[in-house]
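Chemist: Work the whole structure out from these sequences, hints included.
Respectively, the protein sequence lines represent chains A and G. The first sequence begins at 1 in our numbering and counts up by one. The second sequence begins at 1 in our numbering and counts up by one.
Check before you lean on any hint, since a few could be wrong.
To be verified - Cβ pair distances, simulated, as ranges:
1) G:Ile71 to A:Asp15: 53 to 61 Å
2) G:Leu46 to A:Gln193: 47 to 55 Å
3) G:Pro7 to A:Leu242: 36 to 44 Å
4) G:Gly33 to A:Glu115: 31 to 39 Å
5) G:His69 to A:Met150: 41 to 49 Å
6) G:Ile71 to A:Leu242: 37 to 45 Å
7) A:Tyr135 to G:Ala34: 30 to 38 Å
8) G:Leu73 to A:Glu6: 45 to 53 Å
9) A:Glu8 to G:Ile43: 55 to 63 Å
10) A:Glu115 to G:Ala121: 21 to 29 Å
11) G:Ala34 to A:Gly59: 53 to 61 Å
Since the hints were made in silico from the structure, they are not lab data. Values in this document were obtained by computation on a predicted structure and should not be read as measured data. Ideal placement from N, C-alpha and C gives every residue a C-beta, glycine not left out.
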Amino acid sequence: MEETIELEIFRYRPDQEDRPTFQTYEIPFRKDWVVLDAINYIKDQIDGTLSYRWSCRMGVCGSCGMMVNGVPKLTCATFLKDYYPDKIRVEPLAGFPVERDLVIVMDDFIHKLKEIKPWIIRREGEEKPIEEGEYLQSPAELAEYKQYSMCINCMLCYAACPVYALDNTFVGPAAIALAQRYNMDSRDQGREQREEIIASNEGIWECTFVGECSVACPKSVDPAGAIQRAKVGSTIDWYKDLLMPWGGKKR
Amino acid sequence: MKSYRRPVPNTLWLSRRPYILFIIRELTAVFVGAYCVLLLFFIYKLGKGLEAYQGMLDALKSPLSIILHLIALAFAIYHSVTWFNLTPKIMVLQIGEERVPAFLIAGANFAAWLGLSVILAWVIIGV
Numbered sequence: 001m002e003e004t005i006e007l008e009i010f011r012y013r014p015d016q017e018d019r020p021t022f023q024t025y026e027i028p029f030r031k032d033w034v035v036l037d038a039i040n041y042i043k044d045q046i047d048g049t050l051s052y053r054w055s056c057r058m059g060v061c062g063s064c065g066m067m068v069n070g071v072p073k074l075t076c077a078t079f080l081k082d083y084y085p086d087k088i089r090v091e092p093l094a095g096f097p098v099e100r101d102l103v104i105v106m107d108d109f110i111h112k113l114k115e116i117k118p119w120i121i122r123r124e125g126e127e128k129p130i131e132e133g134e135y136l137q138s139p140a141e142l143a144e145y146k147q148y149s150m151c152i153n154c155m156l157c158y159a160a161c162p163v164y165a166l167d168n169t170f171v172g173p174a175a176i177a178l179a180q181r182y183n184m185d186s187r188d189q190g191r192e193q194r195e196e197i198i199a200s201n202e203g204i205w206e207c208t209f210v211g212e213c214s215v216a217c218p219k220s221v222d223p224a225g226a227i228q229r230a231k232v233g234s235t236i237d238w239y240k241d242l243l244m245p246w247g248g249k250k251r
Numbered sequence: 001m002k003s004y005r006r007p008v009p010n011t012l013w014l015s016r017r018p019y020i021l022f023i024i025r026e027l028t029a030v031f032v033g034a035y036c037v038l039l040l041f042f043i044y045k046l047g048k049g050l051e052a053y054q055g056m057l058d059a060l061k062s063p064l065s066i067i068l069h070l071i072a073l074a075f076a077i078y079h080s081v082t083w084f085n086l087t088p089k090i091m092v093l094q095i096g097e098e099r100v101p102a103f104l105i106a107g108a109n110f111a112a113w114l115g116l117s118v119i120l121a122w123v124i125i126g127v
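Modeler: This is the structure:
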């Protein structure tokens with residue numbers, strides 16, 4: 001007899017119902033299948049009404065993040081065999097409103113990404129003319145921020161963060177890690193501008209260092225580390241302002 | 001089409017093991033803080049004279065006090081260990097293109113902790 005596994009999937013169809021429900025599907029169990037394969041099987045063979053996001057199937061696009069048994073995971077990298085023979089519960093990423101079934105509303109995240117100005121900023125008058133060529137950077141300078149540049153915007157870190165779940169105004173792990181990625185870039189001079197958001201009440205100081213964002217991150221970006229380092233930077237700024245109110249060049 | 005916001009229960013902190021371990025770490029601060037108050041109280045009693053101080057020393061030898069001390073010690077150790085383990089995330093040292101490995105940074109903290117504890121033990125027991 002063919003081995004099967006059950007998937008209990010979060011359903012929310014705003015055109016039909018006010019509240020979400022769970023629907024259980026029994027599908028063939030295959031050792032080489034990931035949760036996304038199972039969901040694709042359901043969509044193709046059992047229930048075409050199921051909605052979810054996915055694209056690359058190889059941990060690059062960051063689209064297929066979902067809660068698998070309450071833990072945020074890229075479903076393309078989460079194997080059924082690690083749960084078999086138990087039932088697997090699949091829900092949309094925690095902390096976000098649900099648009100439909102497993103699809104979340106990501107507007108808040110996109111807004112926050114833009115808010116921290118994720119591009120190289122030069123001080124006025126310090127922008128090099130194009131003829132002078134690129135800003136050079138040593139491998140050591142690249143190594144300073146490279147880890148933080150690996151983010152694929154999958155939002156698993158937000159779904160792992162209990163602070164974000166309780167208070168959606170928190171700027172959140174990925175956005176702060178991205179700000180840190182530019183702040184630590186030797187070519188960038190925009191830290192002061194980003195501090196308005198990063199060092200605000202909704203920024204780094206909301207973080208209580210649960211650390212689960214870094215555990216959830218499929219790209220080892222370590223947003224928790226980025227946030228704590230940003231706290232150290234802001235604290236140093238504060239003491240500098242206190243001890244040297246006449247100022248000095250900000251880092 | 002209206003989106004659905006899932007309710008967040010007050011028991012969120014109990015919903016996953018890592019959250020529980022985190023909230024215990026937060027809770028340890030209460031015990032560490034309470035112990036600081038106790039030490040301040042010690043100084044206050046010392047100011048009141050030798051007799052008051054001796055009275056407090058005797059009170060601390062009661063079984064209840066010893067149990068409370070053991071509980072506070074357990075929480076203080078949990079507090080220190082969990083925080084020291086997190087130090088590599090905060091203190092990132094880069095030499096050239098390489099980062100100083102996490103175990104060295106955490107290890108340095110543990111070594112300092114051990115060193116200071118030995119000195120304290122020597123001061124208290126040795127003299």
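Chemist: For the range 41 to 49 Å, tell me whether the beta carbons of His69 of chain G and Met150 of chain A fit it or not.
Modeler: holds, 47 Å
Chemist: Indicate whether the distance between the beta carbons of Gly33 of chain G and Glu115 of chain A respects the range 31 to 39 Å.
Modeler: holds, 36 Å
Chemist: For the pair Ala34 of chain G and Gly59 of chain A, does the Cβ-Cβ distance stay inside 53 to 61 Å?
Modeler: Because 47 Å falls outside the window, the suggested range is violated.
Chemist: Between the beta carbons of Pro7 of chain G and Leu242 of chain A, is the distance compatible with 36 to 44 Å?
Modeler: Given about 43 Å between the Cβ atoms, the range holds.
Chemist: Within 21 to 29 Å: is that where the Cβ-Cβ distance between Glu115 of chain A and Ala121 of chain G falls?
Modeler: violated, 52 Å
Chemist: How does the Cβ-Cβ distance of Ile71 of chain G and Asp15 of chain A compare with 53 to 61 Å: does it lie in that range?
Modeler: holds, 56 Å
Chemist: Can you tell me whether the CB distance of Ile71 of chain G to Leu242 of chain A sits inside 37 to 45 Å?
Modeler: holds, 38 Å
Chemist: Just tell me: holds or violated, for the beta carbon distance of Leu73 of chain G and Glu6 of chain A against 45 to 53 Å?
Modeler: Given range 45 to 53 Å: holds, Cβ gap about 47 Å.
Chemist: Could you say whether the range 47 to 55 Å given as a hint is met by the Cβ separation of Leu46 of chain G and Gln193 of chain A?
Modeler: This hint holds: roughly 53 Å between Cβ atoms.
Chemist: Given the range 30 to 38 Å, decide if the beta-carbon distance of Tyr135 of chain A to Ala34 of chain G lies inside it.
Modeler: With a Cβ separation near 53 Å, Tyr135 of chain A and Ala34 of chain G fall outside 30 to 38 Å, so the hint is violated.
Chemist: Take a look at whether the Cβ-Cβ distance between Glu8 of chain A and Ile43 of chain G falls inside 55 to 63 Å.
Modeler: The hint (55 to 63 Å, Cβ to Cβ) holds, given that Glu8 of chain A and Ile43 of chain G are roughly 59 Å apart.
Of the hints listed earlier, those the structure fails to meet are numbers 7, 10, 11, in rising order.
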